[in-house]
Amino acid sequence: MIGDNLVIDAGTGARATWRELAQRSAGPRKSPTAYAVERSIEALPAVAGLADGGELLVISSGRLDESLAEELRAAGFDVAVGDDLRAATSPRPADDGRVWLLTSGSTGRPKRVGHTLETLSTVTGELAPRTWLCPYSPGTYAWWQVVTLGLGVPGQDLVLVDPADLDDWVSPALEHGVTAVSGTPTFWRRTLMRHGADLQKLQLKQITLGGEPVDQAVLSQLSEAFPDARVSWIYASSEVGASIVVHDGRAGFPVDWLDRDVPGRPRLAVVDGELVITSPHHGTDASGAELAGAVRTGDAARIEDGRVLVTGRLDRDELNVGGSKVSAGAVRDLLQSHPEVAWAAVRGRKAPLVGTMVVADVVAGPGTDVSADDLTRWAAERLPEYAVPRRIKMLAEIPAKETLKSDV
Numbered sequence: 001m002i003g004d005n006l007v008i009d010a011g012t013g014a015r016a017t018w019r020e021l022a023q024r025s026a027g028p029r030k031s032p033t034a035y036a037v038e039r040s041i042e043a044l045p046a047v048a049g050l051a052d053g054g055e056l057l058v059i060s061s062g063r064l065d066e067s068l069a070e071e072l073r074a075a076g077f078d079v080a081v082g083d084d085l086r087a088a089t090s091p092r093p094a095d096d097g098r099v100w101l102l103t104s105g106s107t108g109r110p111k112r113v114g115h116t117l118e119t120l121s122t123v124t125g126e127l128a129p130r131t132w133l134c135p136y137s138p139g140t141y142a143w144w145q146v147v148t149l150g151l152g153v154p155g156q157d158l159v160l161v162d163p164a165d166l167d168d169w170v171s172p173a174l175e176h177g178v179t180a181v182s183g184t185p186t187f188w189r190r191t192l193m194r195h196g197a198d199l200q201k202l203q204l205k206q207i208t209l210g211g212e213p214v215d216q217a218v219l220s221q222l223s224e225a226f227p228d229a230r231v232s233w234i235y236a237s238s239e240v241g242a243s244i245v246v247h248d249g250r251a252g253f254p255v256d257w258l259d260r261d262v263p264g265r266p267r268l269a270v271v272d273g274e275l276v277i278t279s280p281h282h283g284t285d286a287s288g289a290e291l292a293g294a295v296r297t298g299d300a301a302r303i304e305d306g307r308v309l310v311t312g313r314l315d316r317d318e319l320n321v322g323g324s325k326v327s328a329g330a331v332r333d334l335l336q337s338h339p340e341v342a343w344a345a346v347r348g349r350k351a352p353l354v355g356t357m358v359v360a361d362v363v364a365g366p367g368t369d370v371s372a373d374d375l376t377r378w379a380a381e382r383l384p385e386y387a388v389p390r391r392i393k394m395l396a397e398i399p400a401k402e403t404l405k406s407d408v
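The sequence shown: position 190 = 190 (UniProt numbering), numbered continuously.
Since the hints were derived computationally from the structure, they do not count as laboratory data. Here the structure is a predicted model, which is why all the values come from computation and not from measurement. The beta carbon of each residue, even a glycine, is placed where N, CA and C say it ideally should be. Don't take each hint at face value.
Cβ-Cβ distance ranges computed for the label pairs, FRET-style [what the hints assert, rightly or not]:
id, residue 1, residue 2, range
1, L85, L199, 38 to 44 Å
2, G13, K350, 20 to 26 Å
3, M193, D374, 46 to 52 Å
4, A380, D165, 38 to 44 Å
5, S61, R92, 19 to 25 Å
6, G155, D95, 27 to 33 Å
7, R92, E385, 55 to 61 Å
8, T17, P339, 44 to 50 Å
9, P129, G306, 33 to 39 Å
Straight-line Cα separation of at most 20 Å, PhoX-like style, residue types lysine-lysine; simulated pairs [to be verified]:
id, residue 1, residue 2
10, K350, K393
11, K111, K405
12, K401, K111
13, K325, K350
Construct the complete structure from the given sequences, taking the supplied hints into account.
Pasting the structure below:
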């Protein structure tokens with residue numbers, strides 16, 4: 001599996017093949033090891049060495065607080081932070097080939113989900129040679145998806161740009177000949193706002209979005225900015241792996257993909273407005289029990305014009321305004337379809353009489369002067385009265401976390 005695809009760290013200029021990275025590995029450790037790293041490339045020798053055995057968890061050092069470190073040590077992990085190795089408090093032998101991911105914690109305390117390189121590597125068949133930009137935080141599911149692509153698929157080189165360096169990722173991408181980029185919708189919206197004409201210098205052939213709801217506005221903007229690139233969006237999670245891949249440039253996926261049984265592919269369903277997936281790429285829980293069968297994803301889904309749209313977390317998407325149901329995702333998508341809006345977030349806020357009112361945060365596109373009042377009037381022409389945002393706050397820039405997702 002280890003080959004001669006190239007890995008380049010954009011921040012330091014360091015470069016190596018996977019074969020060279022494997023030679024730098026100290027070999028499989030007898031104990032499960034959690035590596036907390038500042039930069040992605042610091043973890044790659046251990047990733048390359050995993051083919052020979054060992055049990056591995058990779059995490060950005062910024063996510064590793066003392067409580068989580070003690071939790072991992074109690075679960076049998078040695079915790080390595082740079083040259084400092086803290087032994088497990090409940091040592092156990094390594095489960096060879098096991099890869100652990102930590103969920104984003106969006107629903108509470110991060111949980112461990114177990115995989116192998118095989119269940120993380122969902123790309124099959126030959127791919128055209130590409131040089132991929134990997135902007136993700138070390139150890140996240142999206143990071144592993146790009147890393148295993150470089151590790152296991154011939155002709156797929158990687159350029160690693162860590163989240164702290166993303167303000168100017170276009171320059172190293174041009175320097176190293178990047179032809180494919182994977183990022184969240186928030187990453188792409190910030191990119192379109194910040195880099196403008198410089199983006200035209202990139203010779204991109206593949207653009208991938210995932211990790212957040214993907215709406216038509218951002219897909220159309222990317223198709224216009226990069227007319228020679230294939231624009232794809234992927235629905236994936238730590239629990240069920242990469243389950244939905246769409247290449248037709250449209251938001252959502254075809255409704256006839258629902259309740260379809262195809263060998264080797266996930267089965268998709270919508271139950272009471274929630275996306276439900278039965279996947280062959282599922283992981284395990286912290287005890288090692290397989291997350292098999294139908295998994296309720298917690299993501300809201302609605303059917304519209306022959307497409308299934310995934311709009312956001314179920315517990316935050318449905319708002320009850322005076323007894324009327326409002327989809328926060330639908331209002332967000334409408335605001336983001338405005339030609340002068342770069343980004344929007346919609347949520348509910350407690351209010352007298354109606355219980356909840358709709359509010360929004362909005363970032364205007366570069367060179368535009370759209371106001372909150374303009375957007376309120378525009379929304380009122382297109383939404384039921386109860387769904388119109390009662391307060392719109394204009395922000396100067398799109399907020400984002402280390403995961404490249406919006407922090408609102």
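Open item on the list: Could you work out which of the previously given hints the structure breaks and list their numbers from low to high?
Closed with: 2, 3
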